[in-house]
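S.K.: Okay, here's what each chain looks like letter by letter:
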Amino acid sequence: MEYAVETFSLTKIFSDWWGRAKVYAVDDLNLQVHHNEVFGLLGPNGSGKTTILKMLLGLLYPTKGRALVLGGDGADPKINSRIGFLPEESYLYRYLNARETLDFYGRLFGLSAKVRKTRIEALLDMVGLTAVANRPVGTFSKGMARRIGLAQALINDPDLLILDEPTTGLDPIGTRQIKDLIRKLVERGKTVLLCSHLLADVEDVCDRIAILYGGKIHTQGRVRDLLQQTNKRQITTDAISDATIEKIKQLIRNEDADCVVTSPMDKLETFFIKTVAAAQQQAQATSGAVSTTKISDFLTRQTTSEDILDKLASAMVSQEGSPESATTEKVVPVESSESQPDEQLLSKLTGSAEPSQLEPVVRDEKVTAQPVESEAAQAEQIKKNILDRLTGRSRSQGEDEEQTDKLQAGDVGDA
Amino acid sequence: MHSIWAIATNTIKQAVRMKVAAVFLILLFVLLPVMGFSATGDGTLKGRLQTFVSYGLSLTSFLLCLLTIIISIYSVTSDIEQRQIYTVITKPIRRFEFLLGKLLGVVLLDVVLLSLFATIIYTITIYIPEFLNTTEAERIQANNEFFTARAALTVPAVDVSREVEDTYRKLERSNALPDNISHEEIIARLTMQKQLAKRAADVGQVLVWEFDNVKPRDPNGNLFIKFKYDVAVNPPDMQVYGRWFAGDYQYIRYGTESETPIYDRIHKHSVRNFHEIAVPVDVVPEHGHLAVAFLNDPLNNTVIFFPPDGIEVLYKADTFTGNFVRAVLLILFRLIFLACLGILASTFLSFPVAILLCLVLFSTACVSGFVIESFSFMSENISVIYSYTIKLVIQLLPKFDKFNPTNFLVPARLLSWSLLAECAAVMVCIKAFLLLLLALLIFHFREIAKIIV
Ligand SMILES: Nc1ncnc2c1ncn2[C@@H]1O[C@H](COP(=O)(O)OP(=O)(O)OP(=O)(O)O)[C@@H](O)[C@H]1O
Ligand SMILES: [Mg+2]
Numbered sequence: 169m170e171y172a173v174e175t176f177s178l179t180k181i182f183s184d185w186w187g188r189a190k191v192y193a194v195d196d197l198n199l200q201v202h203h204n205e206v207f208g209l210l211g212p213n214g215s216g217k218t219t220i221l222k223m224l225l226g227l228l229y230p231t232k233g234r235a236l237v238l239g240g241d242g243a244d245p246k247i248n249s250r251i252g253f254l255p256e257e258s259y260l261y262r263y264l265n266a267r268e269t270l271d272f273y274g275r276l277f278g279l280s281a282k283v284r285k286t287r288i289e290a291l292l293d294m295v296g297l298t299a300v301a302n303r304p305v306g307t308f309s310k311g312m313a314r315r316i317g318l319a320q321a322l323i324n325d326p327d328l329l330i331l332d333e334p335t336t337g338l339d340p341i342g343t344r345q346i347k348d349l350i351r352k353l354v355e356r357g358k359t360v361l362l363c364s365h366l367l368a369d370v371e372d373v374c375d376r377i378a379i380l381y382g383g384k385i386h387t388q389g390r391v392r393d394l395l396q397q398t399n400k401r402q403i404t405t406d407a408i409s410d411a412t413i414e415k416i417k418q419l420i421r422n423e424d425a426d427c428v429v430t431s432p433m434d435k436l437e438t439f440f441i442k443t444v445a446a447a448q449q450q451a452q453a454t455s456g457a458v459s460t461t462k463i464s465d466f467l468t469r470q471t472t473s474e475d476i477l478d479k480l481a482s483a484m485v486s487q488e489g490s491p492e493s494a495t496t497e498k499v500v501p502v503e504s505s506e507s508q509p510d511e512q513l514l515s516k517l518t519g520s521a522e523p524s525q526l527e528p529v530v531r532d533e534k535v536t537a538q539p540v541e542s543e544a545a546q547a548e549q550i551k552k553n554i555l556d557r558l559t560g561r562s563r564s565q566g567e568d569e570e571q572t573d574k575l576q577a578g579d580v581g582d583a
Numbered sequence: 036m037h038s039i040w041a042i043a044t045n046t047i048k049q050a051v052r053m054k055v056a057a058v059f060l061i062l063l064f065v066l067l068p069v070m071g072f073s074a075t076g077d078g079t080l081k082g083r084l085q086t087f088v089s090y091g092l093s094l095t096s097f098l099l100c101l102l103t104i105i106i107s108i109y110s111v112t113s114d115i116e117q118r119q120i121y122t123v124i125t126k127p128i129r130r131f132e133f134l135l136g137k138l139l140g141v142v143l144l145d146v147v148l149l150s151l152f153a154t155i156i157y158t159i160t161i162y163i164p165e166f167l168n169t170t171e172a173e174r175i176q177a178n179n180e181f182f183t184a185r186a187a188l189t190v191p192a193v194d195v196s197r198e199v200e201d202t203y204r205k206l207e208r209s210n211a212l213p214d215n216i217s218h219e220e221i222i223a224r225l226t227m228q229k230q231l232a233k234r235a236a237d238v239g240q241v242l243v244w245e246f247d248n249v250k251p252r253d254p255n256g257n258l259f260i261k262f263k264y265d266v267a268v269n270p271p272d273m274q275v276y277g278r279w280f281a282g283d284y285q286y287i288r289y290g291t292e293s294e295t296p297i298y299d300r301i302h303k304h305s306v307r308n309f310h311e312i313a314v315p316v317d318v319v320p321e322h323g324h325l326a327v328a329f330l331n332d333p334l335n336n337t338v339i340f341f342p343p344d345g346i347e348v349l350y351k352a353d354t355f356t357g358n359f360v361r362a363v364l365l366i367l368f369r370l371i372f373l374a375c376l377g378i379l380a381s382t383f384l385s386f387p388v389a390i391l392l393c394l395v396l397f398s399t400a401c402v403s404g405f406v407i408e409s410f411s412f413m414s415e416n417i418s419v420i421y422s423y424t425i426k427l428v429i430q431l432l433p434k435f436d437k438f439n440p441t442n443f444l445v446p447a448r449l450l451s452w453s454l455l456a457e458c459a460a461v462m463v464c465i466k467a468f469l470l471l472l473l474a475l476l477i478f479h480f481r482e483i484a485k486i487i488v
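Quick mapping for you: the protein sequence lines, in order, are chains A and B. Mapping of the first sequence onto our numbering: position 276 corresponds to residue 444, and the numbering continues sequentially without gaps. Mapping of the second sequence onto our numbering: position 89 corresponds to residue 124, and the numbering continues sequentially without gaps.
Honestly, the hints are just simulated from the structure, not real lab data. It should be emphasised that the depicted structure is a prediction, and the values quoted were computed from it without experimental measurement. A portion of the hints provided could be inaccurate.
What the hints assert, rightly or not - Incomplete in silico selection of chain A near chain B, CB under 8 Å:
1. 192
2. 222
3. 228
4. 245
5. 264
6. 278
7. 366
8. 368
9. 440
What the hints assert, rightly or not - Straight-line distance between alpha carbons at most 25 Å, and here's what the computed DSS-like set of lysine-lysine pairs gives:
10. B:437 x A:246
11. B:48 x A:282
12. B:250 x B:229
13. A:400 x A:384
14. A:190 x B:485
15. A:384 x B:485
16. A:310 x B:263
17. A:232 x B:485
18. B:437 x B:263
19. A:246 x A:232
20. A:285 x B:48
In this text, a Cβ means the ideal position worked out from N, Cα and C, and glycines have one as well.
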């Protein structure tokens, strides 16, 4: 079993009731997803992404060709027990509450009552729905339902996670968290296959991507290879004096190259997380999801010794707490012209919220130049601040020190 | 197994929380007690009890049938149409387990609701005599003719084909056959004539019927001879005298000595109505072979004859409670069949179409006797192939009217375990099982995510 997912000229033709009007939803597709990687399927609407996933899981039958999932048939219960699937929309039983929903799915996996209980609480905590766990999911907002959908896909601690547009409807913290989670799972040797339209997210988490058009793969490869601008180099430094900058510029000019000096922008994501963390610290009431960037224990390490799945999985966990293990973002050059709209949005946000916390961050200088080599180093201090707030909150709620460590591990590297 | 159970409990939760079941519950809770007081029947205690039990059980059975059809179809089609099935069927569960879980959920719900309402109806029935001012006679009548389960011994039609043939030949020889009537028609008319003659008694004449295997439950109770007179000439007060005998068949047939007493009394009864004569059980001989005889009393001056179903011997064979329990089981079988039917329909039809189909089949099954009859009548005129295919389909329908519980409880007829077993075997083990098998097969090969527009 060389690949986690492999398809052999997989084809799906939809025809109408009379057998006419054919739609080539998937056309002669040969896809290989390696073990232990994050594979992203991209493509415009109707390019066949969802159809591929449905065929992998046996919800649709291929017109031609076949698919191997974890070395077997995707409709086989043995294989199913190692798969987590999040469909395009969260199709949930409206009349069940959040906890019952997860319990129901847990029972389908035949998990014992004890394991179910611990996992459900951990997952609810992770997706931030503990407070609303007793409300029927029919009353949930789109994003809240999405979070339950995600928790549902994770309840068996799957080896292969199939996510169809996982981040639609999620708030930025939820999105961030899913991305962290995906990276964490991959560190533990799991495989993730996802579709998404949010290119930024795909870029953040995927090792390899394929771009579909009209049911055919048009490009595929490693994200790094596809996106890296080999003719540019970027250096990021702490705040330095204008004189030094002048010196550097001079050096660069000596090499006959051009250079632009700007202050790096906070990403809006980082800024948003910061703001919400502040609101959470003030313990403002919300009837929505309580976002944290926590990741459930059982998904990251061994919790119950009697659970074989967990036991096996824990063997693959790389040491926690090492900052570099959780890096989920690559540094990309920020052009000063592009940053303009962000800046405007930021100042707008700043105006409406408490001014004390929302001063724009101009701490680091950023030098974009070519062709100087630079390894990504990002605004550590900001992250520290955010983490401190988040973890400070956790601590005040009486959670243990380990949890805090883990949180940091999950978030170091964010920008 | 755990996944079947998970699906089943989820189905029950769905029915309960979506308040589908609640509507039916409220209807029944309101209607049943109201009926307990308002159902008067013919005014006697027995009539009151009969109306209540028959309306109460019919209503419960009807509403639960509707509920079963709706829930079994809804719980499968909504999962497919609202696509919750995408996340369910991709879990380690086989497709047949999914359907079996749905079926189990519906059947469990039925069992709970049915036992609840059966208990209510039973309790009200038992307490109706206590709450009403009833005369002693009414109570005795109710105990004899309602709070009991009586086995009925009927007389099969006598085989007269020989005599019919003889007469036909005689007529043929004497060239007396009418030529505007077909051969079959003549035979049918002759048969009717001959059979009527076997059931008719001229003044002073005796008719004897024999019944084997008479095993009354209570040695101190009564046997009941139930009969209806028809007359050739109406007597002035519409009443006739009849002398009735009951006892060991050897004594009545051959006049040999009898160890058991012989019943012998003259009664006066109105014609064209059913009547019952109570006969002490001790006339039944040890070997259970009983004869009943009727003498057309010389005081009458008309031929008396009995219609085809005009004579029966009834005796208490079980208690009302036992009969009631079996009657409720009969309803349960019906519900199981409908649940399987609903699940089959929902594996390939959308909700409204499936509901429509099941309701049509349900109402057809409720009058299956009529439908079968009319089709067998039609099949004389229409092509053979057509009649055979339709007939086969109709034979597959369950016979809800034949196994109707009120048919047994109202006349206090014994619903025997063997009849119940027959119903279970035919309706559940064969027909419902076939439907379920077909459903599993269709569902197994179906593309779950295929959108049917
Ligand atoms: N059940 C179906 N019957 C007929 N055509 C279908 C069916 N399902 C999908 N299609 C067609 O197949 C094509 C691919 O659909 P698919 O849902 O896989 O697209 P997608 O890539 O997931 O799009 P999106 O980004 O909008 O989710 C579309 O043209 C769609 O109309
Ligand atoms: Mg899609």
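S.K.: Does each hint hold? Answer for all of them.
M.R.: Structure-based check of all given hints:
1. About 16 Å separates the beta-carbon of residue 192 (chain A) from the nearest beta-carbon of chain B, more than 8 Å, and the hint is not met.
2. At about 5 Å, the closest approach between the beta carbon of residue 222 (chain A) and any beta carbon in chain B falls short of 8 Å, and the interface hint on this residue holds.
3. Contact between residue 228 (chain A) and chain B, as hinted, is supported at the beta carbon level, the nearest pair being about 5 Å apart and thus within 8 Å.
4. Look at residue 245 (chain A): its Cβ gets to within about 4 Å of chain B, closer than 8 Å, so that hint holds up.
5. Given hint, residue 264 (chain A) at the interface with chain B, holds; its Cβ is 7 Å from that chain's nearest Cβ, closer than 8 Å.
6. Residue-level restraint check for residue 278 (chain A) holds (minimum Cβ-Cβ distance to chain B is 5 Å; threshold 8 Å).
7. About 22 Å separates the beta-carbon of residue 366 (chain A) from the nearest beta-carbon of chain B, more than 8 Å, and the hint is not met.
8. A cut of 8 Å between beta carbons decides the hint on residue 368 (chain A): the least distance to chain B is about 27 Å, and the hint is violated.
9. The interface hint given for residue 440 (chain A) is broken, as the beta carbon of that residue sits about 30 Å from the closest beta carbon of chain B, more than 8 Å.
10. Straight-line distance between C-alpha atoms of residue 437 (chain B) and residue 246 (chain A) comes to about 47 Å, which puts the hinted pair past the 25 Å bound.
11. For the suggested pair residue 48 (chain B) and residue 282 (chain A), the alpha carbons sit about 22 Å apart, so the restraint of at most 25 Å is met.
12. Our distance criterion of 25 Å between C-alpha atoms is broken by residue 250 (chain B) and residue 229 (chain B), whose separation comes to about 32 Å.
13. Among the hinted pairs, residue 400 (chain A) with residue 384 (chain A) is inconsistent with the structure: their alpha-carbon atoms are about 32 Å apart, more than 25 Å.
14. The hinted pair formed by residue 190 (chain A) and residue 485 (chain B) meets the criterion: a straight-line CA distance of about 14 Å does not exceed 25 Å.
15. With a C-alpha separation of about 21 Å, the suggested pair residue 384 (chain A) and residue 485 (chain B) falls inside the 25 Å cut-off, and the hint holds.
16. Taking the CA atoms of residue 310 (chain A) and residue 263 (chain B), the gap is about 73 Å. The hint is violated against a cut of 25 Å.
17. For the proposed pair residue 232 (chain A) and residue 485 (chain B), the alpha carbon gap of about 16 Å is at most 25 Å, so the pair holds.
18. For the suggested pair residue 437 (chain B) and residue 263 (chain B), the alpha carbons sit about 23 Å apart, so the restraint of at most 25 Å is met.
19. The hinted pair formed by residue 246 (chain A) and residue 232 (chain A) meets the criterion: a straight-line CA distance of about 24 Å does not exceed 25 Å.
20. At roughly 20 Å between alpha-carbon atoms, residue 285 (chain A) and residue 48 (chain B) fall within 25 Å of each other, so this suggested pair holds.
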